[in-house]
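Could you put together the complete structure from these sequences and hints?
Residue strings, one per chain:
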Amino acid sequence: MTKNLRVKSSEYIDETNRISFKFNGKTYHGFKGDTLASALLANNVHLVGRSFKYHRPRGIMTSGSEEPNAIVQINPGTNRTEPNVRATEVEIYEGLEASSQNCWPSVEFDIGGINNFLSPFFPAGFYYKTFMWPASFWEKYEFFIRHSAGLGKSPTSSDPDIYDHRNIHCDVLVVGAGISGILAAKNAAKNNFKTLLVEEKNELGGSTIFENNEFNKINNKTPSEWLKKEIEELKNIKNLGIKTRTSVAAYHQYNYLLARENLTDHLEAKDKTNKIRQRLLKIRAKKVILATGALERPLIFNNNDRPGIMLSSAIKKYSEFYGVACGSKNVFFTNNDSAYESAMSLYNKGINVEAIIDIREQSESKIVKKVKEAGIKIYWSHSIVDTTGYKRLNSISIMKLSNDGTSVTGSKISISCDCLGVAGGWTPAVHLYTQSGRKLKFDDEKKVFLPNQNTSEQISVGSCGGDFKIDEIIKNLNQKLKDILNINETDLDSIKIEIDHENSKRNIWLLPSDKPLGKTKPFVDYQNDATAKDIKLALREGFRSIEHVKRYTTTGMGTDQGKLGNMHALGIIADTAGVKMGELGTTTFRPPYTPLTFGTIVGRNVGKFFDIFRRTPMNDCHVENKAEFENVGQWKRAWYYPIKGETMHQAVQRESKAARESAGILDASTLGKIDIQGSDASEFLNRVYTNAWSKLAIGKCRYGLMLNEDGMVYDDGVTTRLGENHYIMTTTTGGAANVLGKLEDYLQTEWPELDVYLTSVTDHYATASLCGPNSKKILKKIIPDLDLSDENFPHMSFKEANIGSIQCRIMRISFTGEHSYEINVQASYGKDLWKKCMEAGQEFKITPYGTETMHLLRAEKGFIIVGQDTDGTMTPIDLQMDWIVSKKKYDFIGKRSLYRSDTMREDRKQLVGLLTDDPNIVLEEGAQIVSELNQSPVEMLGHVTSSYFSPNLKKSIALAVVRGGKDMIGKKLFVPMENKNINVTVANPVFYDEKNERLNA
Amino acid sequence: MFLINCPYCGERDQQEFKAGGEAHIVRPKQPTELSDDEWAEYLFMRKNIKGVQFERWNHVHGCRKWFNMVRDTSNDEIKAIYKMGEKPPSQ
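In order, the protein sequence lines correspond to chains R and D. Taking the working numbering, the leading residue of the first sequence gets 1, the next gets one more, and so forth. Taking the working numbering, the leading residue of the second sequence gets 10001, the next gets one more, and so forth.
To be clear, the hints were calculated from the coordinates, so they are not data collected in a lab. Note that CB positions come from ideal geometry on N, CA and C, so glycine has one too. Hints are not guaranteed to be accurate.
[To be verified] Computed cross-link-like contacts, BS3-like style, restricted to lysine-lysine with a CA-CA straight-line distance of at most 30 Å:
| hint | chain 1 | residue 1 | chain 2 | residue 2 |
| --- | --- | --- | --- | --- |
| 1 | R | K887 | R | K700 |
| 2 | R | K835 | R | K780 |
| 3 | R | K370 | R | K329 |
| 4 | D | K10087 | R | K439 |
| 5 | R | K439 | D | K10065 |
| 6 | D | K10047 | R | K742 |
| 7 | R | K153 | R | K190 |
| 8 | R | K228 | R | K238 |
| 9 | R | K372 | R | K238 |
| 10 | R | K695 | R | K608 |
| 11 | R | K377 | R | K194 |
| 12 | R | K482 | R | K194 |
| 13 | R | K580 | D | K10083 |
| 14 | D | K10083 | D | K10047 |
| 15 | D | K10018 | R | K282 |
| 16 | D | K10065 | R | K286 |
| 17 | R | K909 | R | K954 |
| 18 | R | K608 | D | K10018 |
| 19 | D | K10083 | R | K439 |
| 20 | D | K10079 | R | K742 |
| 21 | D | K10083 | R | K895 |
| 22 | D | K10050 | R | K441 |
| 23 | R | K439 | D | K10047 |
| 24 | R | K657 | R | K439 |
| 25 | R | K888 | D | K10029 |
| 26 | R | K286 | D | K10029 |
| 27 | R | K505 | R | K377 |
| 28 | R | K272 | R | K153 |
| 29 | R | K895 | D | K10029 |
| 30 | D | K10047 | R | K995 |
| 31 | R | K889 | D | K10029 |
| 32 | D | K10079 | R | K482 |
| 33 | R | K887 | D | K10029 |
| 34 | R | K190 | R | K221 |
| 35 | R | K700 | R | K777 |
| 36 | R | K909 | R | K700 |
| 37 | D | K10079 | R | K441 |
[To be verified] Chain R side only, calculated, beta carbon under 8 Å to chain D, not exhaustive:
| hint | residue |
| --- | --- |
| 38 | Y390 |
| 39 | E709 |
| 40 | G741 |
In structure tokens:
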């Protein structure tokens, strides 16, 4: 039976705007302004979920982002579904659907509830202890463990929403818009600081906005009345930005904070489309004022988790702010005065309060007297020893607490109730403070961890700074504001405050029961079902570090990160181990404060914006030619050009033959190009390459190998001398940026005396590589007036020429072993160049080839690809490229390392060719190489680095690195594969045209 | 995310920069004269201090200039920034 528990009209609830929503398939009604939690409570629904481990029925416990129990799946089954959302933070809208999590078939009847009765078999570390043996069974266990892991369900189709990122710079950032935050923001903005105030809820004012304790007065008004006026005034202040529904997730160094601004989650589906759902604000603030408030603590007693057991402050908020009574027979259980304020709040609205159970011996405060006058029964020095009611609390049992608070005595009194408000004191929300890298100190009197430091860049004000009473808050806020803003007066100077100063508290981390601890369930972490006895068990088993106890018991590891119970866990550990809490420390508070969606984190970087990519100027031509593309670094390179349904293998075989038999053309625009100028350019190249450069004539090209200082091959490419003091260097496609960075590093830091200037011109030139025996004829057709004779334009030389009016640089260089030319034009002419070459080459059946064919052709010639045949452990000697290492040069990068004892070893892995005994078997790249088949274990001699079927040689060829391979030419080795062993013979890595005759063909 | 005061460009976000390891390790002028151990000292050995450390940074997505930074690695406080070739501030 649902009944309406609205108690009075609230100014925050628009009762003219009725909203229907569904929870677990059933339709309910609430009003504009309700959260899912307040609307459910108004419909007398407390049971909303099941706990993680024992599947115990759980209800709404809080009214904010600290909620551990009421986590729900929003809009289940749709592509907008979101798991693990706190019902206390969801603003309801027409059409909202939500469902309980971690229960089957329903939250009312959950099969997993059996775990609750089996709980003696599920102690802390159950999984670690149980699934250890036999080890081979792990895969079977894992299936079931995975099945029961996790709470909600992630969406299975792509997210339709738009997310965004924004950078914000401000003088002062104020986090939290309770009374402290509002006053801080107001004073900062009034003093000409560009100020931003962010608040996670949709309303400003925090808990003071419904603070109607008649004994507290600010300028003779109730705090609530006074604050409302202050909020009104905020609207007229310049320099002040306010963002509500904005939760700060992370606080990094140098006042860099990340916040999530929620823009459409509270809107109906039709109003959500084409709008940004959530925005990640990247805030850089000169000064940060933390006013994040405090979270009320529960009390830890036997069966303290039943639906209907809530925080006392939450009951007050539901009553005052949302106009909802959480129960009709209310009881409070407290260790301080704040439960009395909640009790009076209910009493004043005509809601029945049965009793207050107080573990203190007495309190003389005005609010307590008021409660006594109202005739509400108070049980001093009593504690709850048990509760009953499976899906909803129906009674509590209390007993007299001993003087030392460790046991209970006397007879048990049972009190019937349907709602219990617990008040265990307040925990400052220091999460953001600690994230910023600063330390906490423990205040023994208040039993709280407090910020240890206020600096000129950051202060904590209000209750997150340890001030809980309004007079303390205002007084300390005033001084801290003056200090951080460096001002002499604020509008807080003249505020008059009246307050009831009586403020006693009795702190007992774990309340005793009449039963032994082992027979009770005092929950510390509600979401993960960690109880006080689990923590004690962990200590008995030898865990000492708080970080270890946390992980072993999973205390504080739920989606709520233990916002409610972590302090009790620390307290219980400290009491049990006999150490002081200040010495024990806390677990680390890590971002995010509340969970973020993946959408918010990635922002716009989804789909085709996921990663940057680069296309060459000729890209359209490749698309027209139906090329398949591959990613090389950030580049999209043409991989191969299949025609008429060819497979990749067929296409590559055809392209490779064509390039050797007639003519091929490759888009080489992606090669890195660095323009090097300056009077010391030659000397610079001498120092960065292994070979000598001083004597390279103008107009000539030379291949260069670049090492790291450790002697390992780093990059390679051809560099051309354009003028006396002018070179153009080419690098590998993927290495371009790193090579430039490395060269700049040496120039700026080691050799600043060199007159050399480096400019990246990779994007400025488009390059077509013409290759094959007919390449000369094709080039002749394009540039008839250029003398292409071997005398005028020999291999490894360079010419400037014009194609029509287009200037071009032509290098006669070859990566395929064929006669070839690399033609460079200004990037914007790249497409024209490609078309001209294709047109001129038509009569020679010119064939565009992609990167795969390029790799095959160079492998036939035994040319290495840095990064494929090398892996950062190969010296030029290992590559059998001794010829390129100058013996005469005094120094170059990496030279000394070539003479280290390790790099001089004879049995290093060396580059060799491999031929399979069966010429049709193509080895797998990465396959391991051994010399023995009948030995176990057997030494791995090396691995295959490049492997192809060569159409020109009509056999399989491979490059490999093999330990001591240099001296193994002709030796038989084996490549063991899953189903067979392949016999191979070590060969010279140059398979084709060993005498380089084709270069001049 | 640090806020780094590039000596050429001014304050910029850390994502524009690249860290380049320990500073003031001078490349030996005559590497061939060094023993394996001496060369290894230059090549591999780094202090990796918890506390005040002198390090190199590069404004890689900005002016591309290298510069030096004095940073307390325990709390990421940047104590000083100075150009390449300038004398390090005394501790």
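What hint numbers does the structure not satisfy?
4, 5, 7, 9, 10, 11, 13, 19, 24, 26, 30, 36 and 38
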